[in-house]
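Residue numbers (this note's numbering), protein chains in the order written: chain D, -19 to 484; chain G, -19 to 484.
Wrong hints could be hidden among the right ones.
As the list makes no split between identical chains, a pair holds if one copy fits it or if it spans any two.
To be verified - Straight-line alpha carbon distances no greater than 16 Å define the calculated EDC-like cross-link-like pairs of lysine to aspartate or glutamate that follow:
no.: 1; residue 1: K460; residue 2: E87
no.: 2; residue 1: K460; residue 2: E89
no.: 3; residue 1: K125; residue 2: E155
no.: 4; residue 1: K436; residue 2: D228
no.: 5; residue 1: K478; residue 2: E468
no.: 6; residue 1: K317; residue 2: E267
no.: 7; residue 1: K460; residue 2: D193
no.: 8; residue 1: K125; residue 2: D193
Worth flagging that the hints you see were computed from the coordinates, not collected in a lab. Because the structure is a prediction, the values reported are computed rather than measured.
Residues per chain, in single letters:
Number of protein chains: 2
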Amino acid sequence: MMTTRIANQKLRERVMSAEEAAALISNGQTIGMSGFTGSGYPKAVPQALAKRIEGEHAQGNPFRVKIWSGASTGPELDGALARADGIEFRLPYNSDPIARAKINAGEMEYFDMHLSQVAPMAWQGFLGKMDVAVVEISGITAEGKLIPSASVGNNKTWLEMADKVILEVNSWQSEYLNGMHDIYYGTALPPNRVPIPLIRPDDRIGQLHFDIDPDKVIAVVETDAPDRNAPFSPPDAVAEAIAGNILDFLEWEARRAGLPKSLLPIQSGVGNVPNAVMAGLIKAPFEQMTAFTEVIQDGMLDMIEAGTLRMASATAFSLSSDKAEYFNANAAFFRDKLILRPQEISNHPELVRRLGCIAMNGLIEADIFGSVNSTKIMGSKVQNGIGGSGDFARNGYLSIFVTPSVAKGGAISAIVPKVAHVDHIPQDVQVIVTEQGLADLRGLSPRQRADLIIEKCAHPDYRPALRDYYQRAQQSSYGKHAPVLLDEALSWHDRFVKTGTMHG
Amino acid sequence: MMTTRIANQKLRERVMSAEEAAALISNGQTIGMSGFTGSGYPKAVPQALAKRIEGEHAQGNPFRVKIWSGASTGPELDGALARADGIEFRLPYNSDPIARAKINAGEMEYFDMHLSQVAPMAWQGFLGKMDVAVVEISGITAEGKLIPSASVGNNKTWLEMADKVILEVNSWQSEYLNGMHDIYYGTALPPNRVPIPLIRPDDRIGQLHFDIDPDKVIAVVETDAPDRNAPFSPPDAVAEAIAGNILDFLEWEARRAGLPKSLLPIQSGVGNVPNAVMAGLIKAPFEQMTAFTEVIQDGMLDMIEAGTLRMASATAFSLSSDKAEYFNANAAFFRDKLILRPQEISNHPELVRRLGCIAMNGLIEADIFGSVNSTKIMGSKVQNGIGGSGDFARNGYLSIFVTPSVAKGGAISAIVPKVAHVDHIPQDVQVIVTEQGLADLRGLSPRQRADLIIEKCAHPDYRPALRDYYQRAQQSSYGKHAPVLLDEALSWHDRFVKTGTMHG
Ligand SMILES: CC(C)(COP(=O)(O)OP(=O)(O)OC[C@H]1O[C@@H](n2cnc3c(N)ncnc32)[C@H](O)[C@@H]1OP(=O)(O)O)[C@@H](O)C(=O)NCCC(=O)NCCS
Ligand SMILES: CC(C)(COP(=O)(O)OP(=O)(O)OC[C@H]1O[C@@H](n2cnc3c(N)ncnc32)[C@H](O)[C@@H]1OP(=O)(O)O)[C@@H](O)C(=O)NCCC(=O)NCCS
Chain D
-19 MMTTRIANQK LRERVMSAEE AAALISNGQT IGMSGFTGSG YPKAVPQALA KRIEGEHAQG
41 NPFRVKIWSG ASTGPELDGA LARADGIEFR LPYNSDPIAR AKINAGEMEY FDMHLSQVAP
101 MAWQGFLGKM DVAVVEISGI TAEGKLIPSA SVGNNKTWLE MADKVILEVN SWQSEYLNGM
161 HDIYYGTALP PNRVPIPLIR PDDRIGQLHF DIDPDKVIAV VETDAPDRNA PFSPPDAVAE
221 AIAGNILDFL EWEARRAGLP KSLLPIQSGV GNVPNAVMAG LIKAPFEQMT AFTEVIQDGM
281 LDMIEAGTLR MASATAFSLS SDKAEYFNAN AAFFRDKLIL RPQEISNHPE LVRRLGCIAM
341 NGLIEADIFG SVNSTKIMGS KVQNGIGGSG DFARNGYLSI FVTPSVAKGG AISAIVPKVA
401 HVDHIPQDVQ VIVTEQGLAD LRGLSPRQRA DLIIEKCAHP DYRPALRDYY QRAQQSSYGK
461 HAPVLLDEAL SWHDRFVKTG TMHG
Chain G
-19 MMTTRIANQK LRERVMSAEE AAALISNGQT IGMSGFTGSG YPKAVPQALA KRIEGEHAQG
41 NPFRVKIWSG ASTGPELDGA LARADGIEFR LPYNSDPIAR AKINAGEMEY FDMHLSQVAP
101 MAWQGFLGKM DVAVVEISGI TAEGKLIPSA SVGNNKTWLE MADKVILEVN SWQSEYLNGM
161 HDIYYGTALP PNRVPIPLIR PDDRIGQLHF DIDPDKVIAV VETDAPDRNA PFSPPDAVAE
221 AIAGNILDFL EWEARRAGLP KSLLPIQSGV GNVPNAVMAG LIKAPFEQMT AFTEVIQDGM
281 LDMIEAGTLR MASATAFSLS SDKAEYFNAN AAFFRDKLIL RPQEISNHPE LVRRLGCIAM
341 NGLIEADIFG SVNSTKIMGS KVQNGIGGSG DFARNGYLSI FVTPSVAKGG AISAIVPKVA
401 HVDHIPQDVQ VIVTEQGLAD LRGLSPRQRA DLIIEKCAHP DYRPALRDYY QRAQQSSYGK
461 HAPVLLDEAL SWHDRFVKTG TMHG
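Required output: the full structure, derived from the provided sequences and hints.
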């Protein structure tokens, strides 16, 4: 086909089929893939590689690779490779159901990382070397610079670190992406680090395109394929109630603390509920808001169109398929209101703290003292991963966690005596919100937190059992600072696993 | 007495006795105290206040106050006030045994915070207003500037925030402290935050003295009293073995990663073992090292004298009594090698990450997947608090945690199936070290971590039981990503509470 997207002569000469490119990858290699929450991941080479792996396996030959990415990718990547049993090790985040099942069956190693730390840790070298990078881009300039795609993720780092590079040039991605990126080349390992010179969410501190050493590029593959994001459920009554509780709180907090009319930069996590909050913010009495966040969701585009949101800085799009098509059709309108940066910048603790982000993230369960489990169902089955939630929750001006009060039709309480796994400690969990209400936990001791969380956040069906547990804990706990009944604290989870419900 | 330490005429006129000063404090007030890990805390006014509170209580009158500090203080402050039952609420850190007992009896509320966040959160306003600051200083200049004492902590913030200020001028503190401080006045609330302009541990970015509005100073009290730090136990064989394991690792890592001869700035936590590591580092093949840390311990002064450590930046001294006297006698030698800063700077995530600190902190227990409990014995009794461990562990170049493999003469294993409380998540715990060995957990999945932690760190007496638990968990856990037996995970703690030993 040879699109006009490849304007550089030297790199045009490297164009080949996905199968030819996949043949350049060997068993046991470490591959740095582009892709972040379902956008900008390579679509052809991973599928061709999966086919190749299936072929090798059919012949009794071992073939598995280590996959590093930005965050989650799509079914053509994690799904295809996991189905082929081709992934030996995966970092830093996964939400693919097939890969998840392999991980939870103990058949695949998964290293779940703070997303801001992936690039610096890769440079530290303890993760090993990267053999090949497979990176989707939206074009190549005449000078041989790479125009990033719908996500930036760790691509700058992968392109620098990898011995060899395979590029996928996807002409489905809007040409208007060109100009939207801000690729900062100023990071370093200590002792050579300097301040990141970003002071406002809309500051541009880098360049538009990736640099690349053309001699490292062993293949260029042309594609024309959509990002296949998971659709969001439309906000239901529960999500709307949660959003309502947050909006009331933000209005109150803005008055109390004398925050600007534009509030502070918002960060909104992945999942259905955070997306619903964005929908709700359209109606909030804030003006000229900004987002300094990880991903641009459907709700943020709506906010921009409504004029509530002035601009958003992120590392990737995470749009439903419909919204992605809509963005492509209207990219000219959006392009000067969006900035995509490397994830070490979008999630950088230095910047999240400096800007004072208002962080809103989903959770799986919280306990009565405010520890939060974002990743491991019943403490052992990983759902997705910690993602950027730790980057934002510890460093934001406000750290809000949201969840429906029950899961699985009421069989599970999202508020439990003790979480079965901890991703966020009480110090990093300032506000918990369910459809039942909102608990502002700032400045409170564990016992003060427990009273609030049980009364404001728990579902009425579970409140009596939580009160009962907590009252008994206050009487007979070893220490009374954060009372716990050691032989009962995890019994709700145990009961669910054994009987299918947390109800006694 | 009227020492020459008070060179300002106006403030000389406010000199009064501690009893007179304490009479200016009222029931229910919030008091910002100076003091950080046993240094620079006010010694006279808190004791006078405690007496007054006892008197009021004897007459049946209520009298309790809220105490905010830098970190832990000394027996004349937390001890005296807690004994008088005068503390209603305490933040952000405590290690006083009497206050600890009250907290763990459920008689005192305690809000345990990341130490870098105390000042910014105080400015956010949700903690309430501060009525009085009681701050130890080492002198007052003719112009009315305050010369800080042996700790800086949150004093800059308390002096700015409080409605009224009581100063204790302690002539026991060395006059050579004058010149050692670096008080940065550039912090702000978002949206007005800017990069902290510190690039090397020895950069000076602030001023030598605190500013103060003299009209707020309601009392100046003269004291001549030593800081009463808890003594360190001299390094025993266990501590020396731990230190040895760390030194071997640091040498290996420095070679592997090509670190400079001066390594990277070290941070060393509170407790006996971190102090022993400092003792060991004297013999390490590093040169011109620096420390960017929270407290200056005995071992660091030794390193400076030995020439291994070029300079240390911290927020406070935390010396044994003998070493504190030694420092005072030799302050002229040490003064240009030490910098004391506000704790929001010494512990600032932005700076810890930029400088790439090597963080070494103590722990109470770790579990087989690498979660760490630093604060709550058996999950419910607070020992001290999280302190700065989270500031450093999440942001450092390396995050090392140290502990003897057993506590209480072997009745407790520091390596357990599941920690009873989590302060540090596996993402922030890269290396665990006991006298048994060292587990380098970087880049490993939960199951890979479990094998290493059990085999390298656990005490041989507990290894078989850990292996047995973990093998059964791998078989019957709900998920096999991070296998857990929900009905057994906390049974070791439960057994200890019920029988006095974790042994079955
Ligand atoms: C926590 C998280 C999974 C919630 O996502 P969500 O889409 O809002 O949540 P859902 O309610 O759809 O739940 C997802 C699944 O977990 C299940 N679940 C939710 N709460 C549960 C609980 N307490 N116990 C067991 N399962 C639970 C749901 O039933 C659903 O399962 P299903 O797929 O079988 O239907 C998601 O926010 C996440 O992955 N967070 C971590 C990463 C992160 O925060 N990134 C943002 C950084 S910028
Ligand atoms: C974790 C911490 C308490 C260890 O301190 P330490 O002085 O090295 O530890 P010790 O071995 O003396 O233990 C302190 C007490 O806890 C007990 N203990 C230690 N491990 C235990 C365990 N696993 N279970 C129960 N008790 C335990 C000890 O027996 C001792 O009790 P005692 O006072 O009754 O004798 C200390 O490092 C701390 O407070 N850390 C959190 C704050 C922090 O890290 N600050 C540094 C930031 S810069």
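Against the structure, the hints come out as follows:
{"no.": "1", "hint": "K460 <-> E87", "verdict": "between (42 Å within a copy, 9 Å between copies)"}
{"no.": "2", "hint": "K460 <-> E89", "verdict": "between (39 Å within a copy, 10 Å between copies)"}
{"no.": "3", "hint": "K125 <-> E155", "verdict": "within (15 Å within a copy, 60 Å between copies)"}
{"no.": "4", "hint": "K436 <-> D228", "verdict": "within (14 Å within a copy, 51 Å between copies)"}
{"no.": "5", "hint": "K478 <-> E468", "verdict": "both (15 Å within a copy, 14 Å between copies)"}
{"no.": "6", "hint": "K317 <-> E267", "verdict": "within (15 Å within a copy, 50 Å between copies)"}
{"no.": "7", "hint": "K460 <-> D193", "verdict": "neither (61 Å within a copy, 42 Å between copies)"}
{"no.": "8", "hint": "K125 <-> D193", "verdict": "within (9 Å within a copy, 57 Å between copies)"}
In this structure, only the earlier hint numbered 7 is contradicted, and the remaining ones agree with it.
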